[in-house]
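Take the two lone chains and join them into the complex the hints point to.
These are the residues of each chain, in order.
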Amino acid sequence: NAGVTQTPKFQVLKTGQSMTLQCAQDMNHNSMYWYRQDPGMGLRLIYYSASEGTTDKGEVPNGYNVSRLNKREFSLRLESAAPSQTSVYFCASSGGQGDSSNQPQHFGDGTRLSIL
Amino acid sequence: SQKIEQNSEALNIQEGKTATLTCNYTNYSPAYLQWYRQDPGRGPVFLLLIRENEKEKRKERLKVTFDTTLKQSLFHITASQPADSATYLCALFTGGGNKLTFGTGTQLKVEL
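The listed protein sequences correspond, in order, to chains A and B.
According to the numbering used here, numbering within the first sequence proceeds without interruption in unit steps and concludes at 116.
According to the numbering used here, numbering within the second sequence proceeds without interruption in unit steps and concludes at 112.
This is chain B alone, in the form it adopts within the complex (with noise of 0.2 Å):
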């Protein structure tokens, strides 16, 4: 069966460090990946897209790198904040219409 992994568990870090988040997956050949950050009450926003041709992507503090052979991708945030606190959850193409298929996400928590 087809099947998104995040972690489940809350990731604690201290201000300052990367944070590297996981997104690995099963029985897709997804064209793209995205990922999304949702506040406790908020809908989930759009942070970065990558592509299958694509092995990194870079966007200010955040880089997404995805790895078709590994069949996973890796979301990190550097010199995190306390700002940066949120779940942020994993999405693969899917097909027709412009489908996605979520990740269950990972909670980030950054700590003073």
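Same shape as in the complex, but just chain A (with noise of 0.2 Å):
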């Protein structure tokens, strides 16, 4: 099993400039999340999808779209990137569904992405 992929891992924007990154799992799951990771910040969640057809902000949800594609896939879109969403990207998945499901979640390894 591949766990959580995410494409592309490394990426440079220009100012403005728009993206989506891709994230799938293959461990059936029902939520899925992005986060970003900035030095001394920890993870931050941006958006989170707690079951196919549902999404709902997280704490750092300005400038980002999500898309829950399908069960399977979760995509983040920066719509017109500015310098200050320079960060690591990190989506994860979580099997179960609800406040009672406390599962571990499981990441991927991240998209750096640096905008100039």
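Hints were generated in silico from the structure; no laboratory data involved.
Beta carbons are placed, not taken as given, at the ideal position from N, Cα and C, and that holds for glycine.
Warning: the hint list may mix true and false statements.
[As the list claims (entries may be wrong)] Here are the simulated distance ranges between beta carbons:
1. A/Glu73 to B/Tyr32: 36 to 42 Å
2. B/Ser8 to A/Asn102: 25 to 31 Å
3. A/Met27 to B/Ser8: 29 to 35 Å
4. A/Thr7 to B/Asp39: 16 to 22 Å
5. A/Glu79 to B/Arg42: 26 to 32 Å
6. A/Arg44 to B/Gln72: 18 to 24 Å
7. B/Glu54 to A/Asp38: 30 to 36 Å
8. A/Asn28 to B/Ala10: 37 to 43 Å
[Stated by the list, open to error] Each computed DSS-like pair below joins lysine-lysine, with the alpha-carbon atoms no more than 30 Å apart:
9. A/Lys9 to B/Lys109
10. A/Lys57 to B/Lys71
11. A/Lys71 to A/Lys57
12. B/Lys71 to B/Lys3
13. B/Lys3 to A/Lys57
14. A/Lys57 to A/Lys14
15. B/Lys71 to B/Lys57
Structure (structure tokens):
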């Protein structure tokens, strides 16, 4: 099993360009998440999808949009990239559904995004 | 405001010793808490989960405690090895769709 796969692994954009980060999981998980990780800030939740067909904002959603394309795939879109969005982006998934699931999250290896 | 604190300074210990990492939180009442390991250039990897009604959880050389009165979790690695060198993150369940809020992590270095 591949687990959680993120593409691309690295990307450099210019300010104002748009881009979609792709994420797919093969564990039949219901919930999927997008985080960003910055030095000294830790992992911060951008958006999450508790189940297929639903998405909700996390802690830092401004400047991003998401699409839960199907149960396997959850994409993150930057419509007009800004230098403040330079970061490492992680996608994660977890099994179960709802507040009582208390399942671990499984992470991809990240997309390193630089915006000039 | 809600806050999760982990030691920002790296923890250096000698091989064979026990490493103890601390996670303190304020203004949360998490139903459970998780610990993850992160290696450079990789995503976090789940290690242990402990529920609010559990005082202690063990897995091989790892032990986690959870004190909801002190609002603190301790993560112990016994008989530490250089391969245990990594950054360790604590994460609290903060409701709705199995959401987690992560601490900033503590870097552990195990020296020969």
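> Is B/Lys3 close enough to A/Lys57, meaning Cα to Cα at most 30 Å?
Replying inline: Cα-Cα ~19 Å, so holds.
>> Does the beta carbon distance between A/Glu79 and B/Arg42 stay inside 26 to 32 Å, or does it fall outside?
In response: holds (29 Å)
>> Run the distance test for A/Lys71 versus A/Lys57: straight-line Cα separation, threshold 30 Å.
In response: Holds: A/Lys71 and A/Lys57 sit about 18 Å apart, inside 30 Å.
>> Between the beta carbons of A/Glu73 and B/Tyr32, is the distance compatible with 36 to 42 Å?
In response: About 28 Å separates the Cβ atoms of A/Glu73 and B/Tyr32, which means 36 to 42 Å is violated.
> Hey, A/Lys57 versus B/Lys71, does the alpha-carbon distance stay inside 30 Å?
Replying inline: holds (27 Å)
> Is the distance from the Cβ of A/Thr7 to the Cβ of B/Asp39 consistent with 16 to 22 Å?
Replying inline: The hinted range 16 to 22 Å holds for A/Thr7 and B/Asp39, with Cβ atoms some 20 Å apart.
> Is the distance from the Cβ of A/Met27 to the Cβ of B/Ser8 consistent with 29 to 35 Å?
Replying inline: Cβ of A/Met27 to Cβ of B/Ser8: about 33 Å, so the range 29 to 35 Å holds.
> Range hint 37 to 43 Å: satisfied by the CB atoms of A/Asn28 and B/Ala10?
Replying inline: holds (38 Å)
> When you check the alpha-carbon spacing of B/Lys71 and B/Lys57, does it fall within 30 Å?
Replying inline: Roughly 16 Å between the alpha carbons, so the hint for B/Lys71 and B/Lys57 holds.
> Does the Cβ-Cβ separation between B/Glu54 and A/Asp38 fall within 30 to 36 Å?
Replying inline: holds (32 Å)
> Would you say the C-beta atoms of A/Arg44 and B/Gln72 sit inside 18 to 24 Å of each other?
Replying inline: holds (22 Å)
> Is A/Lys57 close enough to A/Lys14, meaning Cα to Cα at most 30 Å?
Replying inline: Given pair A/Lys57, A/Lys14 holds - Cα atoms ~25 Å apart, limit 30 Å.
The structure fails to meet hint 1 from the earlier list, while all remaining hints are met.
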